[in-house]
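Two independent chains are provided; combine them into the complex using the hints.
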Amino acid sequence: MTTTPSPTPSTIAHQAVSSGRTSRSGGATAVAFTRQTWAGARVLIALTLLLGVAYPLAVTAVGQVAFPWQANGSLVTADGGRARSLADDDVVGSALIGQRFDGPEWFHPRPSEAGEGYDPLASGGSNLGPLSPDLLATVEQRRARVAAENDVAPAAVPADALTASASGLDPEISPAYARLQAARVAVARNLPADDVDALVEGAIRGRDLGLLGEPRVNVLELNLALETMGR
Amino acid sequence: MSAPWIAVGQILVLVAALAAVHLPLGGYLAHVFMSPRHLRIERAGYRALRVDPDADQRWSMYLLSLLGFSLASVLLLFGLERLQDRLPLSLGAPAMDPAGAWNTAVSFTTNTNWQWYSGEVSAGHLLQMAGLTVQNFASAAVGITVVVALIRGFARSGGGGRVGNFWSDLVRAVVRVLLPLAVVAALALIATGVIQNFAAHTEVTTLAGGGQHLLGGPVASQEAIKELGTNGGGFFNANSAHPFENPTPVSNLLEIFLLLAIPFSLPRTFGIMVGDRRQGWAILAAMGTLWLVAVGLLTWAELSGPGAVPQAAGAAMEGKETRFGLAASALFAASTTATSTGAVNATHDSLTAPGGGVALFNMMLGEVSPGGTGSGLYGMLVLAIVAVFLAGLMVGRTPEYLGKKIGRPEITVVALYVLTVPAIILVGTAVAIATPDGRAGILNAGPHGLSEVLYAFTSAGNNNGSAFAGLAVATPFYNTALGLAMLLGRFVPIALVLALAGRFAGQTTTPAGAGTLPTHGPLFVGLLVVVALVLVGLTYIPVLSLGAIAEALA
Chain A
7 MTTTPSPTPS TIAHQAVSSG RTSRSGGATA VAFTRQTWAG ARVLIALTLL
57 LGVAYPLAVT AVGQVAFPWQ ANGSLVTADG GRARSLADDD VVGSALIGQR
107 FDGPEWFHPR PSEAGEGYDP LASGGSNLGP LSPDLLATVE QRRARVAAEN
157 DVAPAAVPAD ALTASASGLD PEISPAYARL QAARVAVARN LPADDVDALV
207 EGAIRGRDLG LLGEPRVNVL ELNLALETMG R
Chain B
20 MSAPWIAVGQ ILVLVAALAA VHLPLGGYLA HVFMSPRHLR IERAGYRALR
70 VDPDADQRWS MYLLSLLGFS LASVLLLFGL ERLQDRLPLS LGAPAMDPAG
120 AWNTAVSFTT NTNWQWYSGE VSAGHLLQMA GLTVQNFASA AVGITVVVAL
170 IRGFARSGGG GRVGNFWSDL VRAVVRVLLP LAVVAALALI ATGVIQNFAA
220 HTEVTTLAGG GQHLLGGPVA SQEAIKELGT NGGGFFNANS AHPFENPTPV
270 SNLLEIFLLL AIPFSLPRTF GIMVGDRRQG WAILAAMGTL WLVAVGLLTW
320 AELSGPGAVP QAAGAAMEGK ETRFGLAASA LFAASTTATS TGAVNATHDS
370 LTAPGGGVAL FNMMLGEVSP GGTGSGLYGM LVLAIVAVFL AGLMVGRTPE
420 YLGKKIGRPE ITVVALYVLT VPAIILVGTA VAIATPDGRA GILNAGPHGL
470 SEVLYAFTSA GNNNGSAFAG LAVATPFYNT ALGLAMLLGR FVPIALVLAL
520 AGRFAGQTTT PAGAGTLPTH GPLFVGLLVV VALVLVGLTY IPVLSLGAIA
570 EALA
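Order-wise, the sequence lines are chains A and B. The numbering of the first sequence is the working numbering, which starts it at 7 and goes up by one. The numbering of the second sequence is the working numbering, which starts it at 20 and goes up by one.
Misleading hints may appear alongside valid ones.
To give an idea of the chain B side of the interface with chain A (calculated C-beta under 8 Å), a few residues [to be verified]:
| id | residue |
| --- | --- |
| 1 | Gly28 |
| 2 | Phe88 |
| 3 | Tyr136 |
| 4 | Glu139 |
| 5 | Ser141 |
| 6 | Met148 |
| 7 | Ser323 |
| 8 | Pro530 |
| 9 | Ala531 |
| 10 | Gly532 |
| 11 | Val549 |
| 12 | Leu552 |
Label pairs and their computed distance ranges (CB to CB) [as the list claims (entries may be wrong)]:
| id | chain 1 | residue 1 | chain 2 | residue 2 | range |
| --- | --- | --- | --- | --- | --- |
| 13 | A | Ala150 | B | Pro23 | 29 to 35 Å |
| 14 | B | Pro561 | A | Thr35 | 26 to 32 Å |
| 15 | A | Pro74 | B | Ala22 | 33 to 39 Å |
| 16 | B | Gly294 | A | Leu217 | 36 to 42 Å |
| 17 | B | Arg69 | A | Thr35 | 16 to 22 Å |
| 18 | B | Arg66 | A | Thr35 | 42 to 48 Å |
| 19 | A | Pro74 | B | Gly98 | 33 to 39 Å |
| 20 | A | Leu63 | B | Arg69 | 24 to 30 Å |
| 21 | B | His50 | A | Asp94 | 26 to 32 Å |
| 22 | A | Ala159 | B | Pro495 | 49 to 55 Å |
| 23 | B | Pro107 | A | Gly208 | 45 to 51 Å |
| 24 | B | Ala569 | A | Asp108 | 39 to 45 Å |
According to the in silico footprint, chain A covers these stretches of chain B (three or more CB under 8 Å from chain A) [claimed, not checked]:
| id | region |
| --- | --- |
| 25 | 213–221 |
| 26 | 482–495 |
For the record, the hints were derived by calculation from the structure and aren't laboratory data. Think of the CB as a built atom: it goes at the ideal place given N, C-alpha and C, for glycine as much as any other residue.
This is chain B alone, in the form it adopts within the complex (with noise of 0.2 Å):
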């Protein structure tokens, strides 16, 4: 259905609209965070709230502020989908049951945004609100404190091993950053079609005479920060899929932009504030490469459209919408999954076997390709330092990045992040599919059924949230399983980059010499690419080659 060419020419719209943005909003990130000044209405919040904005935190205290800013966040948003009868604007939606609030909770907490409730029968309009787009604000706002706490540490020069104060830092990334941004995306939105107002379900006649209940809600200002703080969860079951969240070509785009903009511009932030732009061009070089491969792949394995189902219709369509055709669901797949968005267009359960694989593959890459609002480029900047490590191993060469040495305690913290997130997911999916609780939810038989639990755990451990649909998830064991791997995969991580910052912020910077491995060159950025993919490789290969490879072969 969709010429290679059209496939191409959204890429390349996409690309130069990434592009007009990467330098600005990357440079304004910089000093955003970069500033000593407040502004009047911070300084007043501050003061009111009882709140120091200027105390240049430890690592230790930055993550305890986090960590305490988090379980308020999560004990909210617990109270309020438990109480959620009793609220106004409900819609007659009941209370989530305990498993499934303390799911949905950590879900939108983490930055995951993993649903295994439909929004249309399960959240009323004040929880949509009040509850979930303040955290989809509030979550991408401490990925960005985490990454820009790691930069600092890399920039400061026996600093003590301070890194900055984790309230001035959420509070102008929401402030000055996605909040502006967010209501010009959704006013663009609802220029497109999606819906922004508070009306109840409403029963219609239709056409033919029969009856449809239409949807109301404040739906665009949630799909704009939705997109814009790679959060995904979407305010209706279909998602990005739903005619109201995305309704033409054009929403979808915009969408796409939207999800990758402040991923992709961190790396300029990052250059800005070491004082060498060139170490962010290498970033964004690696990240690009990553996920323009991605990209590619995706969008050949659904234009060609391998497997019975997709050969016996003509075209891989299942799942997906007359709108966006082919390309743009494979464009809008390869991106969510690349970023930690999890927003759909199309379900990604019903994607050919390799276009699966790809997706899948993405989020185990740990989410570098740019990834997450901050965790994408923390994600990355670890991953530097695996492989200024393993150069230095190579060659004989101190170990050193931007100045610092790669010591002993610095390398087993990476290491430690490394593995965390790769163990939370393998460990998940085997005791799922050694529980007749877990392998009760799986829909689809054989390798297909493996996959949708891997690619379950993967997604919540790694803070993607979408989903293989097909796995029932909405049990007492997925929704506790899978909430405890998405807790551990966004707090453990976040716990040892800090430690990282705090162990950097204190070293004193060393001069570059003539043993220092360049980090700004085409062969860095190609052994950081390469680490990437050995490292996924290694850790994956045995369960994909049970699930996804042997589909694609079969």
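The following block holds chain A by itself, in its conformation from the complex (with noise of 0.2 Å):
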């Protein structure tokens, strides 16, 4: 694949260099540096065609060949099944893309401060510090909040429940989290609480590879397999 160096002609980059044995005066660094700036821009634009048209293109052929469900979103349908296209008609969001549910018969996600909640055009957090007042007012009006709706004590909220994501998109709430809206969603849809129980313990995702990230319930997915068993 390789070809021994040989001589070429004199070229745009070899002048310069030339010229640079001399001792330069201003003017002539001008003008090489006038050179080289052409020799950057039609390396540039050699570059932007491979970096910026070509790769992306060439992984986006493989991906959609190789992976073509995580490529397209990882998007699911209302009957809990796998979707590629946006366009398709059922589809109902993305297993990793968090979504709001507000009444007492839904898995609810954490706060989000991504828009008005889950809005994918305006994902980001709240950016307040550890010692911001207003943050601390917020955390303890969703401790009572969350507290008050699911009827267990101020103290058994957990962490993820009163505090904003990094994204706003978070898809996934802490086990501990979705135990504790267990009782409260089995009254709303009049199922029995040991059958949402034992939903929400087969919707617990496990650490990666038993060490990576923190165990998890995707509240999507959760919300999902809780309508298809009500049907």
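Listed below in structure tokens is the structure:
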């Protein structure tokens, strides 16, 4: 794949180097810099075609064939199946992107600072610091509200239910927060409490490879399973 | 939430992976930049582009080539941003305003990837690919070319001040190193759930009956080089906290690995190219020590969760994702600020006070632990020269490093290098808090507000790009000022490093004598670490006292 170097015709870069052998005046430097900038522009355009067009297209082609579901956003349908295109009518969302669930019949996600809540056009967090009085007040309000909604002691509410995520799109909650909501959901849906508890336990994903990240429950998938069970 | 042993386990997995690639990747990099042969496709490219890849350039011409390429990069990116509403695949995104376009053009060309804008509404697919992804590669490659030139300066004896060919180094860094690795990394990321498509924003009806816009984009191809090239500019506003950029703990660890892989392997390349592998081990040991201490401190800070809000919530989970939790967020934060990446998987503004302080301190070290691709190693080599010089003063030995004498001209260049970035940061911060336009952007009151401004200028001056994002920076004042900080913080140090490379390349190598300080043992590693810490301490303790330290004591 390699060739030995051979002398090439005198080129722009080379001419510029040659002019650098003698002590250069400012004007000569300016000329050299202009030549180098044009050379840079030519190299940049070639790199743009390679890295900005060919590379992403090639990765897309392979990704779409090898991992079509993931490459298109891990889309899920109302019956709990998988979809490959946002244009499919029965797509209800992405398994990776949290969405709003407000009523007592749903498992609720974490608080979100993305727009009005879980708006992918406005991903982000609160950016409030660890001593922020505003954030402190918000946390206390959330603790009181979550405790009242679920009829549990305020001290029982876990941290993820009280804090907004970095993305505002966090699709998951802690197992503790999921378990805490199970009784309320069972009552609202008129389902046996044991069945909903079992659903939650089955939805818990452990740490990846037993070591990485944290145990978690995907809220959309849990609510989808709940809908399927209720039918 | 996270048991300490889980945190330790993740760190050990990461260290094992980095150790596994250290020798092969470091060795491969050395081969790439020492080989006299061009690939056939490279040769065809040089011929078509009328660029001479074989001219051995003086340092000054190498610098002019680098600056010319970077100027062309800034102009092309500026043009794409200003005209994006007229280009295809813009998804309806408007043209950027001039101050914003200037800021972003400089930001991506300087490997900073500071972002005042939200990618999901401000950048269409074409700008992301043809503009931003290209500079993710190019700016990383430019960093590598500079350190390769410096290493040649050490390795050559009486070479007339010639340090290699910029075009050949640039093209090889892209074609032989970054591109193949990025392809593999991008496909691995897709497997974990990172998206890679050209869909436009589409509204779907959610399970509960609401509406939600789901986004598409060629994300994985940009994510891979964003980490591998220590760039850090997110496709989306939430960066690597966004589930489409970083969907699982496995993708998270992969991204941390990618951003550390080249910076931690370059010391091996250095050892091979200067013909003494022990020199590479010493540099690696100093980098690794500083990184590991930062990881330990930041992990401890987030796990223990000091401060009113973490205490009230029961854990420092504000601004962190459930799937990562405390430990994997701390590991990412320490690694992204120790390199020049600046990607974030948690909001740094909401880190605990000591945690945020460690992130800030990491950048203030000048990003040498292990630092950005190329820039980390040249920063550390400059500190090694300072360490040799100080040791020489203490014991009355002639300071020399790798057989090159550190005389007055050399130490003058080094001193300018060490002073440049702190001057940019401290002057910039002072101007911002002294002007109404600067103060208007602050979100949090008191010491945390000062930290927001200091963090912004530290991030820009050091070409990191992470943010205490509470600061409202989408203003002409911050876009202009931070753009200048990024530009000067990148190219002034590069010019000084290349000048140093030229001087060393022109010197005849002195054989080590009885009076030569050995620079490969534990003693030197310790000295190097202390020099790095003392320099930062002397420079930044006053301003840190008013910000992070005051907050931690509150």
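Of the hints given before, which are not true for this structure? 3, 5, 7, 8, 9, 10, 11, 12, 14, 18 and 21
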